[in-house]
Amino acid sequence: MIRKRTNRVTGAVALLGVTLAPLSTHAQDPAQMFEMRDRPTLNFYGSPGIVDMPSGEALPDGQFTVGVSHFGGITRNTLTFQATPRISASFRYNGIQDWNSNGFGTYRDRSFDVRFLLHRETRSLPALTLGLQDFAGTGIYAGEYVAATKNFSLRRVPGTIKATGGLGWGRLGSSGAIGAPFGEDRPGFVVGDTGGEPGFDQWFRGDAAPFAGVEWQVNDKLGLKAEYSSDAYLPETRRGVFTRKSRFNFGAEYQVSDAVRLGAYYLYGSELGVNVQVQLNPDRPVSPLRLPAPRPYDIRPSRNANPQAYAADWAVSTEAASTAVRDALIPLLEAEGLTLIEARSTARETEVRFSNERYAASSVAIGRVARAMALVLPASVEVFRIVPVENDLAQSAVVLRRSDLERLELSPDATDALLARTRFDEATPDLAGGAFNEALYPDFAWSIGPYLAPSYFDPDEPVRADVGVKLKLNYKPAPGWVVSGEVRQRLFGNVGDSSRLGQSALPPVRTDGIQYAREGKTALNNLYVSRQWKAGEDVYARVSAGYLERMYGGLSAELLWKPVASRLALGAEANYVKQRDFDQRLGFRDYSVATGHASAYYEFSGGYTGQLDVGRYLAGDYGATVTLEREFDNGWKVGGFFTLTDVSAEEFGEGSFDKGIKLEIPLNWFLGTPDKRTVGTTIRPIQRDGGARVSVPGRLYEQVRSGHRQALEGNWSGVWE
Amino acid sequence: MIARNIAISLALVVALSACSSGNDEAPGLPSVIASSMKSAIAAKRAGRADPVTVTPKMLAETKVAALQVNPERAGGSDFLRRIAQRRDSDGMVTEVWQSSDNAQIFLRNGVLVGTRGVGTDIISSDARATVRAVSTGTSGRGNRLYVLSDGDVTSQDVAFRCVTDNLGLQDIVIVNQVFETILLRESCIGGPSGDVTIRNDFWVHAQSGLVKKSRQWAGPASGYFEMILLKD
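These protein sequences, in sequence, are chains A and B. For the first sequence, the working numbering begins at 1 and goes up steadily by one. For the second sequence, the working numbering begins at 722 and goes up steadily by one.
Please note that a few of the clues may not be correct.
What follows is a set of in silico ranges between Cβ atoms, one per label pair, in the way DEER data are often shown [said to hold, decoys possible]:
{"hint": "1", "chain 1": "B", "residue 1": "Glu-947", "chain 2": "A", "residue 2": "Asp-298", "range": "55 to 61 Å"}
{"hint": "2", "chain 1": "B", "residue 1": "Ser-929", "chain 2": "A", "residue 2": "Arg-421", "range": "22 to 28 Å"}
{"hint": "3", "chain 1": "B", "residue 1": "Glu-947", "chain 2": "A", "residue 2": "Glu-35", "range": "23 to 29 Å"}
{"hint": "4", "chain 1": "B", "residue 1": "Ser-798", "chain 2": "A", "residue 2": "Tyr-310", "range": "40 to 46 Å"}
{"hint": "5", "chain 1": "B", "residue 1": "Asp-953", "chain 2": "A", "residue 2": "Ile-161", "range": "39 to 45 Å"}
{"hint": "6", "chain 1": "A", "residue 1": "Arg-86", "chain 2": "B", "residue 2": "Ser-929", "range": "43 to 49 Å"}
{"hint": "7", "chain 1": "A", "residue 1": "Val-316", "chain 2": "B", "residue 2": "Thr-776", "range": "54 to 60 Å"}
{"hint": "8", "chain 1": "B", "residue 1": "Met-779", "chain 2": "A", "residue 2": "Glu-35", "range": "38 to 44 Å"}
{"hint": "9", "chain 1": "B", "residue 1": "Glu-947", "chain 2": "A", "residue 2": "Ala-335", "range": "30 to 36 Å"}
{"hint": "10", "chain 1": "B", "residue 1": "Asp-809", "chain 2": "A", "residue 2": "Gly-433", "range": "54 to 60 Å"}
According to the in silico footprint, chain A covers these stretches of chain B (three or more CB under 8 Å from chain A) [stated by the list, open to error]:
{"hint": "11", "region": "773-780"}
{"hint": "12", "region": "798-809"}
{"hint": "13", "region": "832-845"}
{"hint": "14", "region": "908-920"}
FYI, nobody ran anything at the bench for these hints, they're computed from the structure. Since this is a predicted model, take the numbers as computed values, not measurements. Even glycine gets a Cβ: it sits at the ideal position worked out from N, Cα and C.
When you get a sec, could you build the whole thing from the sequences and use the hints?
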């Protein structure tokens, strides 16, 4: 979890010596105190830059940008994420019209960039960035650079001026070269190569050429740009995509809103261009969450003033006390969108187990449960054990002292002081002697709604989609048991129209996807029975059987070890699955496989998480998957993964190995109202058969983690909200 | 024919959207963005209401403690009820005032030290120096610390350096009553980049020591609130 609670005392301390003239000329409106000033603008590659050339600056930490640019028949769509304060990564999908080679009229390609900020701008020195553009694709945009950028403000000129100079290699060294400082030999792209692997032997080889540019930010809205480009656009001009008549590019940009910037340009002496730049920051919600104010803590009378209020005789029998507490709490929790599962009370300590269907942050739910407890529990109860439960797995026991809650609620340091006095314990698998909420089982739920199943990057039609109606049924006969199914009726769509049926050297474990799209008009998406339970205080278990996903059915078993306060978790999953018929009814095809992984999960500091899975994949290949993600306290997740197995690049086919990016955004970030749901996607540049995994519903790790120490601490102020 | 089929199918999809026994279906990203834009546009169109002018009759009919709050940025007025009161070990009293739309303001001897349900709330605030200056009616200086919600259940600590000045006696009128007050002005500078300024004004009743009227900062998204103690 990212710790956003930074102590910004330095700014104020620095002013200690200064006379307190409250309204200095540079004084800032507090409404804008958290707005990001001076963030760089994007170039045609969706990276910080001028027009077509990069600059030396980095985006603000965590910034997530979308760039869409077009000129001379070339369109580039780029996602960029500033993963750390110094490292950013981009994924790009581009189309070049009139390319007329390799059988494509319009050539479409995917590419990845990475940038490193080597030096942050200081008073006298510029910002310096090293970048690798298209470092692992088929190499059409391959280029490396170092770029330096310095900001100035001139006395007689309004606004600020940014000056950039740099040196480029590869594509960025193709015009106006000054020699090859690191060797002449730069192997080119070989036709028929599968691509996708880092081009170590190319980087910084061959001719290098200088580029430069200026950006004048005239006022808050308007910016003007001019640059000298070092890109000759040789492949494009040779094929007649456009005619390059000049090395100079010019543009004007307008900041429409805090997030959106539009630009119009004149490029290479012949082409008009446009660039749409969208910049978001996960730490800046589109709609700030507004939670209804909670009930103030009900304060007990002091023991001296009213000793009989502290009498313990109400809880002579734990059973009777637990039942009374349960019955009193059920409606109070329900009013907060929470469900009481079980309660157990003695005269001194009460444990409440509950599930939360409303708040994305468990800390908010815990705070609201504590307030409900303070309202109904007799004064003798001093210890609140609050246990969040997710799909019948008790995540942790948050142990709060009632007197701390009473004393700290309105105190100056409420959040940190309470955290220091809170214990995060293991929750026992079952609550012995507790009073269970009998109304919960059996439980039946259903939903009907539309679905959208997109498919990306078909060279003939980059975005395809199927649209239809889905019906979901969910039956819970007893704690931990689920019977779940989903039926889909496709209404229209074109995923199955693709002519690019898989040709694979491996068993077609995923490249058959188009067949499933073609034949599964009325399809049983999944239908399975699953049981999950806590096998120990730190150990969680799951067994599932049935039609697990649209392409596979079978058996799956999983075990996870994750102590409440541990950053490390270990897991193992074993599956035996059979490939389903293309029509996605009840039948199976011949292919079956035993597949499974041993997994290690780690929560690094700063919100970075890592996962390593080692095992056997769907096509019977052995290998490992590495996943790195950055997770923000508010639930935003951005990450990437790659899988290397004993399948060679030639057997794997285009892309050489499996890789992709993942994005998950909490809904309340958009809506501003409490909501536990998220929207997310996994984008693979290409789906092949190597390194593929079966998609089992209900994997344990994410179910368990939201109530553990790291997650709760990151949102701890929510206990008071 | 095909076009017609598509139109019917589309209508069906729209008609069937979000129908369930529970609420566990995640909608698609486009629909989420569309609805958040819609609410933003609606909020812009709604416009700002003027603060309510309280009449002597309204005041006479008020039987319980009442605080009028006029949010400057959002416009309009609300009348808050006092729902909780806490006396600390140092003798200071913190009060919780509740609005009609389920928001709260925490006042410590009249100094705003917290909000709930307002959005990007002040989770807590260390205002010891200010509270001391306001309760004694004297000038002073000290640090003011805020824990501010970011609107996504995370928070940031923000520090300010403040001076409180006694600007002398001033008569104020609340509805039909005139009060002799001391005007105290707290001026603060600080924030994430050290150049944010905040100014809070307190009109302290000379006779009772109560903050009869104030204009205080209530967080980055809320701006300033004018607060009038109609009845204690």
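- Could you tell me whether the CB distance from A/Val-316 to B/Thr-776 stays inside 54 to 60 Å? Since A/Val-316 and B/Thr-776 have Cβ atoms about 58 Å apart, the given range 54 to 60 Å holds.
- Query: For the region 773-780 of chain B, does the count of residues with a C-beta closer than 8 Å to a C-beta of chain A reach 3?
  - Reply: violated (count 0)
- Task: Confirm or reject the coverage of the region 908-920 of chain B by chain A under the rule of 3 or more residues with a beta carbon closer than 8 Å to the chain's beta carbons.
- Result: That given contact holds, which follows from 13 residues of the region 908-920 of chain B lying within Cβ reach (below 8 Å) of chain A.
- Message: Is 39 to 45 Å respected by the C-beta to C-beta distance linking B/Asp-953 and A/Ile-161?
- Response: 58 Å, violated
- When you take the CB atoms of B/Ser-798 and A/Tyr-310, is the distance between them in 40 to 46 Å? 43 Å, holds
- Message: Is the listed coverage of the region 832-845 of chain B by chain A valid when you require three or more residues with a beta carbon under 8 Å from a beta carbon of that chain?
- Response: holds (count 10)
- Hint says 54 to 60 Å; check whether the CB-CB distance for B/Asp-809 and A/Gly-433 agrees. 39 Å, violated
- Item | Status of the given 22 to 28 Å range, CB of A/Arg-421 versus CB of B/Ser-929 | Violated, since B/Ser-929 and A/Arg-421 (Cβ atoms, about 37 Å apart) do not stay within the stated range.
- Query: Do B/Glu-947 and A/Glu-35 keep their Cβ atoms within the hinted range of 23 to 29 Å?
  - Reply: 25 Å, holds
- Item | Satisfaction of the hinted span 38 to 44 Å by the C-beta atoms belonging to B/Met-779 and A/Glu-35 | About 40 Å separates the Cβ atoms of B/Met-779 and A/Glu-35, which means 38 to 44 Å holds.
- Message: Assuming the hint says 43 to 49 Å, is it satisfied by the Cβ distance from A/Arg-86 to B/Ser-929 or not?
- Response: This hint is violated: roughly 58 Å between Cβ atoms.
- Tell me if chain A covers the region 798-809 of chain B under the three-residue, 8 Å CB rule, please? Holds, because 3 residues of the region 798-809 of chain B bring their Cβ atoms closer than 8 Å to Cβ atoms of chain A.
In this structure, the hints that do not hold are numbers 1, 2, 5, 6, 10, 11, in rising order.
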